[in-house]
Amino acid sequence: MLTYKGTELFKRYRIALGKQPIGAKEIEGDNKTPEGTYFIISRNANSRFHKNLGISYPNEDDLERAAQLGLPAGGDIKIHGIRNGQGWKGRFHRLRDWTAGCIAVTNEEMDELFEMVADGATVIIYP
-7 MLTYKGTELF KRYRIALGKQ PIGAKEIEGD NKTPEGTYFI ISRNANSRFH KNLGISYPNE
53 DDLERAAQLG LPAGGDIKIH GIRNGQGWKG RFHRLRDWTA GCIAVTNEEM DELFEMVADG
113 ATVIIYP
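Sequential numbering from -7 applies to the sequence shown in the working numbering.
In case anyone wonders, no lab produced these hints; they're calculated from the structure.
One or more hints might be untrue.
Here are the computed lysine to aspartate or glutamate pairs in the EDC-like style, where the Cα-Cα straight-line distance is at most 20 Å [stated by the list, open to error]:
#	residue 1	residue 2
1	K3	E104
2	K81	D103
3	K3	E107
4	K(-3)	D68
5	K3	D22
6	K81	E0
7	K81	D111
8	K11	D68
9	K11	D111
10	K11	E0
11	K3	D68
12	K(-3)	D89
13	K11	D103
14	K11	D22
15	K(-3)	D103
16	K(-3)	D111
Simulated restraints on C-beta separations [to be verified]:
#	residue 1	residue 2	range
17	R4	G62	33 to 41 Å
18	E56	Y118	27 to 35 Å
19	P64	M108	18 to 26 Å
20	D103	L(-6)	29 to 37 Å
21	M108	R83	27 to 35 Å
22	P13	K81	16 to 24 Å
23	E104	G21	17 to 25 Å
24	Q78	M(-7)	18 to 26 Å
25	G82	Q60	37 to 45 Å
26	E56	L87	18 to 26 Å
27	D111	G62	30 to 38 Å
28	P64	L1	16 to 24 Å
Backbone N, C-alpha and C fix where the C-beta goes; we use that ideal spot for every residue, glycine too.
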């Protein structure tokens, strides 16, 4: 994951994605991470994972794709740290994709992102 300050590359993060990382999220429960343009719409310092930043999934394209399949698009996609009580995993959590569709970073990285990323910031997710 790349972060920018203005147009300048600020930092790269190694991440874990949804358990099914190939292809864009289509429906609720598919364990895929969405692809597209989103925004930071919420922040939670007291979540069941070490902090989180909420992403504006689903967008109109996501809703249309799910509607064509006759299924719900899902939601509740976050950038978050490691599950509370499991912070000892540190960077080892990235050895496999393990989330239900979220983007996971280490707790230390989440602390940094939580302070640095503004509400409304653009999040572009692509393969």
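Each hint tested on the structure:
At roughly 11 Å between alpha-carbon atoms, K3 and E104 fall within 20 Å of each other, so this suggested pair holds. Distance check on the hinted pair: K81 and D103 sit about 16 Å apart at the alpha-carbon level, within 20 Å; holds. For the hint linking K3 to E107, the alpha-carbon distance of about 14 Å falls within 20 Å, and the restraint holds. As the CA atoms of K(-3) and D68 are separated by approximately 26 Å, the hinted pair breaks the 20 Å bound.
Taking the CA atoms of K3 and D22, the gap is about 30 Å. The hint is violated against a cut of 20 Å. About 31 Å separates the Cα atoms of K81 and E0, which puts this hinted pair outside 20 Å; it is violated. Between K81 and D111, the direct Cα distance comes to roughly 28 Å. Violation of the 20 Å bound is thereby established for this hinted pair. Distance restraint check for K11 and D68: the Cα-Cα separation of roughly 16 Å lies within the 20 Å cut-off, and the hinted pair is therefore satisfied.
For the hint linking K11 to D111, the alpha-carbon distance of about 27 Å lies beyond 20 Å, and the restraint is violated. The suggested pairing of K11 with E0 is violated, with an alpha-carbon distance near 31 Å, which exceeds 20 Å. Restraint check for K3 and D68: not satisfied, since their Cα atoms lie roughly 25 Å apart, outside the 20 Å limit. Between K(-3) and D89 the alpha-carbon distance is near 27 Å, which puts this suggested pair outside the 20 Å criterion.
Distance check on the hinted pair: K11 and D103 sit about 24 Å apart at the alpha-carbon level, beyond 20 Å; violated. Only pairs whose Cα atoms come within 20 Å are accepted, and K11 paired with D22 is accepted, the gap being roughly 9 Å. This hinted pair checks out: K(-3) and D103 have alpha carbons roughly 17 Å apart, not beyond 20 Å. Restraint check for K(-3) and D111: the C-alpha separation of about 14 Å stays at or below 20 Å, so the hint holds.
Distance hint for R4 and G62: a CB-CB separation of about 39 Å, consistent with the stated range 33 to 41 Å. Checked against the hint of 27 to 35 Å, the pair E56 and Y118 fails, with Cβ atoms roughly 18 Å apart. Restraint check, P64 to M108: a C-beta distance of roughly 32 Å breaks the suggested window 18 to 26 Å. Under the hint 29 to 37 Å, the C-beta atoms of D103 and L(-6), about 18 Å apart, miss the expected range.
About 19 Å separates the C-beta atoms of M108 and R83, a value inconsistent with the hinted range of 27 to 35 Å. About 18 Å separates the C-beta atoms of P13 and K81, a value consistent with the hinted range of 16 to 24 Å. At roughly 31 Å, the beta carbons of E104 and G21 sit outside the given window of 17 to 25 Å. With their beta carbons about 20 Å apart, Q78 and M(-7) fall inside the hinted range of 18 to 26 Å.
Range check, G82 to Q60: about 41 Å between beta-carbon atoms, so the 37 to 45 Å window is met. For E56 paired with L87, a C-beta distance near 35 Å fails the hint of 18 to 26 Å. Checked against the hint of 30 to 38 Å, the C-beta distance between D111 and G62 comes to roughly 34 Å, which is consistent with it. Take P64 and L1: their Cβ atoms lie about 36 Å apart, and the range 16 to 24 Å is violated.
Of the numbered hints stated above, those contradicted by the structure are hints 4, 5, 6, 7, 9, 10, 11, 12, 13, 18, 19, 20, 21, 23, 26, 28, listed in ascending order.
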